[in-house]
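Student: If you read the sequences in order, they're chains A and B. Heads up: take any position in the first sequence, counting from 1, add 184, and you land on the working numbering. Heads up: take any position in the second sequence, counting from 1, add 1202, and you land on the working numbering.
None of these hints come from the bench; they were simulated from the model. A hint or two may mislead.
One side of the interface only, derived from the structure: several residues of chain A facing chain B at Cβ under 10 Å [to be verified]:
| no. | residue |
| --- | --- |
| 1 | 202 |
| 2 | 255 |
| 3 | 264 |
| 4 | 267 |
| 5 | 272 |
| 6 | 294 |
| 7 | 296 |
| 8 | 298 |
| 9 | 347 |
Computed from a predicted structure; not experimentally measured. Backbone N, C-alpha and C define an ideal beta-carbon position, used for all residues, glycine too.
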Amino acid sequence: MIEICNLSKSFVTAGGTVDALRNVNLTIRDGDIYGIIGMSGAGKSTLVRCINMLERPTEGTVKLDGVDLGMLNKHRMQEMRHHVTMIFQSFNLLMQRNCLQNIMLPLKLIHMPREQAEKRAGELLKTVGMEDKAQAFPAQLSGGQQQRIAIARALATDPKVLLCDEATSALDPKTTHDILSLIQEINQKMRITVIVITHQMSVVQEICNRVAILENGSVVEEGEVSEVFSNPRARATKRLVYPDMSAGIENLGAPHHQMIRLVFQGAEAATRPLLASMAMECRIPANILSATTRTLDGKVYGTMLINIPGGPDELARAVQYLSETPDLRIQVESEYANTEGVNADAERQEGGEH
Amino acid sequence: MEAYLTRYFSEKKMADAWVLIQEDFVSATLSTLYITLMSTLFAILIGLPLGIILVTGDAKGIRPLPRWLMSFLNWMINLLRSAPFIILIVLLMPFTRMMLGSAVGDGGVIVPLVIAAFPFVARLVEGSLRELNPNIIEMAQSSGANTLQTVIHVMLPESVPSLITSFTTAITTILGYTAMSGAVGGGGLGNLAIAQGQQRSNHAVLLAALVILVLLVQILQTFGTWLARKCDKRLKNQ
């Protein structure tokens, strides 16, 4: 368990003191995939670097299983970093070393005998699906492949916690999806707690179970992902959850307050024209208000905001119909959402994911 | 023009030059190479660790050292680099004698060469290491590497191509400095060129020595560039 208590960090710059983090309190339980999301400059990277003490907090504590990491001496700190490892946006592989040697780096640091380290690195290559690239150099790999090697390296010392600092921000959506699946698999199979720093809501949506929203160095909202998503309260959260929600749509009048947000998480696009078939089968002609979707390999990713004409009855039928589509998350955006609609909706989401 | 030719390139002088080239050039070339390689080796042995300290000990480095120490090192390097080599040779004579028992001959030039070259090498190494992607250093730190491990397992291997380029610059510069070895009775092509070419007005010898020095620089530079490229794994399709 990681407990972050009253954590503050300020930097002294030429222009004065900058408060990167202000009084952050978070608890990350073992086995969580914990998302920390915010716009750039919100303090995410500083926060993750305070967790492994690459940045020393100005105030407050970070505890790992009850141990105050700020109190560790240099040697214990280095030992701790074998248990709290990190992957990066820019992968940060050694460019002059091949994949196997890159994975062996942390093992060299703990003085593991060479043969044993090679064997371990070979196993890890298999874990990340790169066994045929042992002798390849990073420059010969794609971004996604490089991140896989970086993940293998981060796993080498059998860590308890994996910190992901914008690990998928340099990757295309399809590769992002693959890397996130790998991280999820690692979390489940190896029981490694994962902390995901990102500015992309889709990343949190895809793998995190809990999320904290960071704005100007403060946590403005925190909780279960499904909860935060279906009922975002803080302004920063709303901006992140509905990046497509322009002021115009937000302020639409009465006829438009029955809206459903469809979050596509790899739904099959080609097999079923979703809205057209809903119009035919349920006689509900939905109106697309906005859509930011992308199709990759015949699968749809992104969000779509649709308007359902009629009353709560039509809305309920539409939700019922749409929820039968796999890999599609549904959020009701109407004034009915604050009553039972959300709960029913949340349950459906959970049911749909497993 | 004709006066110049008869003075420096008369038939007799050409004959003398040919004899010299046949008799002395091989040993002079070997002597130059010996002085150059030994001086470069020792300059790297001192300059490489010093260059590493300049980077890691910096206020923003991975292991900041006391400010006065860093200021002193920088001041000392600048001082040694600003002294003209010929003055350094003379100034260092007592020190060379103390170290080698004699301040003349090939050894007499290697000691001042090393003293002149190691600050230069330290600066080159500093430049090479500062080129490193800071994210790589952060990765090493986040993996729990201590200072020595960061240097040995990350900083040095990642800078190999750049270091080879730096050392090539160092060796060609040092080769040029060996020409002054004649001042303390050291051997080599430079000495031959000064003693025969300038003092006995035989410019054919001077030119021949120059040609060989130019060739040596070209060969060393080409080899260094080739090696740096060959070692660089960032280049695809090799």
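Student: Work down the list of hints and note, for each, if the structure agrees.
Tutor: Going down the list of hints, with the structure as the test:
1. 202: violated, 17 Å
2. 255: Check failed: Cβ of residue 255 of chain A comes no nearer than 17 Å to chain B, outside 10 Å.
3. 264: holds, 7 Å
4. 267: Hint holds; residue 267 of chain A Cβ to chain B Cβ min 9 Å, cut 10 Å.
5. 272: holds, 6 Å
6. 294: OK, holds: residue 294 of chain A within 10 Å of chain B, min 8 Å.
7. 296: violated, 13 Å
8. 298: Violated: closest Cβ of chain B sits about 13 Å from residue 298 of chain A, beyond 10 Å.
9. 347: At 8 Å from the nearest chain B Cβ, residue 347 of chain A passes the 10 Å test, so the hint holds.
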